[in-house]
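J.: Generate coordinates for the entire structure from the input sequences, incorporating the hints supplied.
Protein chains in written order, with the numbering used here: chain A, 1 to 228; chain B, 1 to 418.
Think of the hints as simulated: they come from the structure by calculation, not from any bench. One or more hints might be untrue.
Okay, the calculated beta carbon distance ranges per label pair [said to hold, decoys possible]: (1) A:Tyr114 x B:Tyr240: 46 to 56 Å; (2) B:Thr223 x A:Arg131: 25 to 35 Å; (3) A:Arg115 x B:Trp237: 33 to 43 Å; (4) B:Trp53 x A:Thr106: 24 to 34 Å; (5) A:Ala19 x B:Leu59: 23 to 33 Å; (6) A:Thr106 x B:Ala43: 49 to 59 Å; (7) B:Trp53 x A:Ala3: 25 to 35 Å.
Residues on chain A that point at chain B, a partial pick, calculated with CB under 10 Å [said to hold, decoys possible]: (8) Phe17; (9) Ala18; (10) Arg27; (11) Phe29; (12) Ala30; (13) Arg34; (14) Asp35; (15) Leu43; (16) Thr45; (17) Leu46; (18) Trp74; (19) Thr83; (20) Lys105; (21) Cys113; (22) Gln116; (23) Met117.
Built from N, CA and C at the ideal position, the CB exists for glycine as well.
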Amino acid sequence: MSAEVYEVLALALRYWFAALGVLIVWRAFAWLRRDRAAKHRMLRTLPDAGMIGELVVEAGSRDLQEGMVLAVPWEGVLGSVRTCDLCVPVGGVAREHLRFSFDEKTGLRIIPCYRQMCGVNGKAVTWRSVRRHPEALTHGSVLTVGDAQLRLRVFLGLAEGMRPRFAEERPEETQAMHIGADGAPVRSGDLPQTKHVSGLDGVQYGAEALPEQPVRRRRSRRGEEGEP
Amino acid sequence: MKKPGASSAERRAGKRLSGVVMLFYASAFLLLALRDNAWQGYALAVGVPAMIWLGTNLLPHFFPADRLLLTLTNFLCALGILVLYRTQPELAYAQVIFYGIGIGAMALCTWAVRLLPFGRRMVTLLALVSLFLLVLPLVAGTEKYGAKNWIYIGGVSFQPSELVKLSLLVVLASGLAARRFWSWLIFALACLGLLMLQKDLGTALLYYAVTLLLAYAATGSWTLLLGGLGGSAGAAWLGYRMFSHVKRRVAVWQNPWADYENAGYQMVQALMALASGGLFGMGLGLGTPKAIPVFETDFIFSVICEQFGLIFGLCVLLIYVALVWRGATVAMAARRSFHGLLAMGATLMIGLQTFVIIGGVIKLIPLTGVTLPFISSGGSSMISGMCLTGLIQGVASRNEDALAEDADLAYMQGEVRE
Chain A
1 MSAEVYEVLA
11 LALRYWFAAL
21 GVLIVWRAFA
31 WLRRDRAAKH
41 RMLRTLPDAG
51 MIGELVVEAG
61 SRDLQEGMVL
71 AVPWEGVLGS
81 VRTCDLCVPV
91 GGVAREHLRF
101 SFDEKTGLRI
111 IPCYRQMCGV
121 NGKAVTWRSV
131 RRHPEALTHG
141 SVLTVGDAQL
151 RLRVFLGLAE
161 GMRPRFAEER
171 PEETQAMHIG
181 ADGAPVRSGD
191 LPQTKHVSGL
201 DGVQYGAEAL
211 PEQPVRRRRS
221 RRGEEGEP
Chain B
1 MKKPGASSAE
11 RRAGKRLSGV
21 VMLFYASAFL
31 LLALRDNAWQ
41 GYALAVGVPA
51 MIWLGTNLLP
61 HFFPADRLLL
71 TLTNFLCALG
81 ILVLYRTQPE
91 LAYAQVIFYG
101 IGIGAMALCT
111 WAVRLLPFGR
121 RMVTLLALVS
131 LFLLVLPLVA
141 GTEKYGAKNW
151 IYIGGVSFQP
161 SELVKLSLLV
171 VLASGLAARR
181 FWSWLIFALA
191 CLGLLMLQKD
201 LGTALLYYAV
211 TLLLAYAATG
221 SWTLLLGGLG
231 GSAGAAWLGY
241 RMFSHVKRRV
251 AVWQNPWADY
261 ENAGYQMVQA
271 LMALASGGLF
281 GMGLGLGTPK
291 AIPVFETDFI
301 FSVICEQFGL
311 IFGLCVLLIY
321 VALVWRGATV
331 AMAARRSFHG
341 LLAMGATLMI
351 GLQTFVIIGG
361 VIKLIPLTGV
371 TLPFISSGGS
381 SMISGMCLTG
391 LIQGVASRNE
401 DALAEDADLA
411 YMQGEVRE
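T.: In structure tokens, the structure reads:
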């Protein structure tokens with residue numbers, strides 16, 4: 001091909017390449033937008049996606065009332081500030097009180113932050129003691145942080161490898177495994193039973209004693225087929 | 001658990017985008033082949049689109065891949081091959097080989113993120129090997145463009161700092177996720193110190209910026225961020241006082257025309273190339289891109305703008321933006337802090353490196369010696385870029401698995417609890 005013909009062709013094709021470049025960018029961003037919308041639609045049908053269970057407030061404060069439910073992610077920080085993954089705004093809870101991480105074999109591992117402590121089923125756990133004996137919450141365990149008392153409910157399917165150790169192995173001790181707001185031990189039978197428990201989305205759950213099996217996840221009516 | 005796969009909508013979107021990309025490269029390489037009448041041009045006109053089709057449609061069958069990331073990465077890699085073929089064909093052929101190796105490295109990184117636990121021992125071993133790799137150029141390295149950061153082994157040269165980028169991200173993500181303050185800080189400082197000794201200030205800047213931003217992402221500490229920014233300002237001032245080539249680069253950035261025949265020659269040529277390209281470019285195969293010194297690495301963006309124009313240059317920038325956006329989305333959807341930080345670190349590395357080099361080329365900031373990810377000539381740069389994409393792909397595939405598991409569990413369990 002002669003240089004003149006090539007020059008004309010190359011000059012003409014400049015607009016073609018620019019147009020294709022713009023089209024590539026347009027389609028890439030359209031794909032991004034479509035994916036974002038699809039993800040939002042899917043997450044609306046799976047309100048508990050990314051969560052391993054719930055912490056039900058059995059004793060709290062004015063800002064964290066009895067019966068409230070806190071969704072528990074796979075890992076994060078529990079503290080009194082809103083930036084924490086689990087916000088527990090009660091007295092005695094530090095800004096960042098403890099870190100937690102879920103392991104399917106052992107449960108929800110608890111690591112108190114420096115110089116902090118908490119209670120797991122009545123047993124005191126400090127940042128020092130956890131190095132020697134890691135503590136983990138299983139389904140039904142009670143976590144005491146500051147003035148708050150929270151009971152863990154793990155979603156069905158995640159707790160299959162975990163049995164509620166205290167209920168099966170030491171049933172007589174289960175009753176005494178709670179520390180009340182005043183620091184005195186409280187039997188589980190003496191804990192106030194709530195009529196209704198409000199979920200994060202305002203759905204009212206029926207009053208129930210602690211279920212023997214882990215709880216079912218919530219699922220929106222919309223995605224009935226189960227397909228994203 | 002159901003194995004997640006691409007939905008039909010995603011496959012359609014992938015075909016639409018990869019179709020346009022293939023059309024672009026088929027026409028571009030065909031045009032260059034008509035100019036040279038060389039069989040290699042015709043082979044690339046068929047081979048590169050085929051590679052793109054294989055890379056975006058066939059590869060996801062072999063390893064879990066985010067198709068959009070794959071398509072965008074393939075587009076950028078092929079653009080590098082195209083521009084190098086236009087200017088220096090031998091470099092293009094080598095780049096094709098590096099691209100092939102890069103695909104393998106990307107798959108390896110994806111599987112590593114999916115399968116390896118990245119426990120404390122593994123991360124410590126990785127850190128020690130990385131520090132050894134950074135010490136190697138000081139002991140047995142070769143100086144190139146003022147920095148002693150290259151190693152020659154059996155006729156093959158590579159830059160250890162490009163590979164150590166990956167282990168930096170793993171160590172940072174592991175330490176920050178586990179709140180082990182000293183481990184990641186000591187490693188990061190050691191890497192920075194060794195890079196300063198190599199006089200590879202561009203890479204040191206990148207490492208520092210990624211470490212600071214990742215630490216902020218993990219802790220949310222404004223004190224750390226502001227302290228780090230203050231520290232970087234102090235280090236920049238110190239670097240300006242200590243290194244003469246830093247002073248030269250700042251002077252060239254302020255006014256390249258003052259010494260356009262010597263120190264400012266490279267910048268002047270790059271700016272003239274950008275300007276002469278105009279909106280639509282000089283035309284592929286026309287112009288004089290080889291007049292720019294080091295056009296194949298640092299100033300390849302100027303060559304792109306000279307050939308294809310500023311509109312296309314902006315499109316390339318937007319492709320990088322889309323890549324970074326996708327990476328950030330993947331990072332925010334991660335279930336574990338380690339994976340989120342790993343994906344965020346890889347995304348930041350790609351984004352910051354792109355900003356630093358393009359900013360230097362268009363005289364927004366002083367020029368530093370880093371390469372344009374995926375596009376610049378060089379095996380180390382290509383492979384490390386593909387590995388960074390592989391890390392993001394690995395986290396993306398874990399996110400998809402977790403979401404599919406959630407959907408399965410919800411489907412098995414039935415109605416809403418009332």
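J.: In ascending order, which of the hints set out earlier in this document are inconsistent with the structure?
T.: Hint check: 1, 4, 20, 22 and 23 fail, others pass.
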